[in-house]
Amino acid sequence: QKEVEQNSGPLSVPEGAIASLNCTYSDRGSQSFFWYRQYSGKSPELIMSIYSNGDKEDGRFTAQLNKASQYVSLLIRDSQPSDSATYLCAVPNAGNMLTFGGGTRLMVKP
Amino acid sequence: GAVVSQHPSRVICKSGTSVKIECRSLDFQATTMFWYRQFPKQSLMLMATSNEGSKATYEQGVEKDKFLINHASLTLSTLTVTSAHPEDSSFYICSLDRGPYNEQFFGPGTRLTVL
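Each protein sequence line maps, in turn, to chains A and B.
Following our numbering, the numbering of the first sequence begins with -10 at its first residue and continues without gaps.
Following our numbering, the numbering of the second sequence begins with 440 at its first residue and continues without gaps.
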């Protein structure tokens, strides 16, 4: 059974700061990693995908993958109050299903 | 990403009635769709995998006779909650996977309240 672990938070950062969200996974064979953002009362939205070791940047978001350490992170630069949400780390498994972490709740304070 | 719609977005019904939720893929032919349920302040729970033209695969603990899934076309999957009870009140979300790395794209969800 694959496992994906995240700190539940809440992670509180001031507006303009860098928010760092972390995720560890158990299956060394995992190849794809996804970050979803879920606002309260809404469905998850895919914001980042990463497949190779290293960094992947998209606007204010940077995903970092370290397969040797089985660690994937999401950095949000210049955090805004609108970034306040729960961030879900997900890893595909057999049958194309996703294993989700429990999510980290981010609070960006003005 | 893929565009996925759900209907209705919100439904309130009396205990004992059946409720049908539709999930449509608007720009992609999806052979597989997924149905999730999320209770307040809890994680997403996969209920079943919906396969076009064949029977759905249900997760352990999900009653297939209570949660009927029909995936009759490549763009439509339906979830029917039969004889709904208050404990079935939840946020039901469908998704489909697309692309070479199996990214999943979610519909907007259906909030079911059973009185």
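Any given hint could turn out to be false.
[Claimed, not checked] Think about it this way: if two alpha-carbon atoms lie no more than 30 angstroms apart in a straight line, the pair counts; the simulated DSSO-like pairs of lysine-lysine are: (1) Lys503/B x Lys453/B; (2) Lys(-9)/A x Lys494/B; (3) Lys505/B x Lys98/A; (4) Lys(-9)/A x Lys453/B; (5) Lys480/B x Lys505/B; (6) Lys453/B x Lys31/A; (7) Lys56/A x Lys494/B; (8) Lys(-9)/A x Lys45/A.
What the hints contain is simulated information worked out from the structure, not anything from laboratory work.
Computed from a prediction, not measured in an experiment: that's the story for all the values here.
Hint check:
1. The suggested pairing of Lys503/B with Lys453/B holds, with an alpha-carbon distance near 21 angstroms, which does not exceed 30 angstroms.
2. Under the criterion of a C-alpha separation no larger than 30 angstroms, the hint pairing Lys(-9)/A with Lys494/B is consistent with the structure, at around 25 angstroms.
3. Annotation: proposed proximity of Lys505/B to Lys98/A is violated, straight-line Cα distance about 43 angstroms (limit 30 angstroms).
4. At most 30 angstroms may separate the alpha-carbon atoms for a hinted pair to count; Lys(-9)/A and Lys453/B exceed this at roughly 39 angstroms.
5. Proposed proximity of Lys480/B and Lys505/B is supported: the alpha carbons are some 24 angstroms apart, at most 30 angstroms.
6. Of the supplied pair hints, the one linking Lys453/B and Lys31/A holds, its CA atoms being roughly 24 angstroms apart against a limit of 30 angstroms.
7. As the CA atoms of Lys56/A and Lys494/B are separated by approximately 36 angstroms, the hinted pair breaks the 30 angstroms bound.
8. Note on Lys(-9)/A and Lys45/A: the hinted pairing holds, with a Cα-Cα distance of about 24 angstroms set against a maximum of 30 angstroms.
Of the numbered hints stated above, those contradicted by the structure are hints 3, 4 and 7, listed in ascending order.
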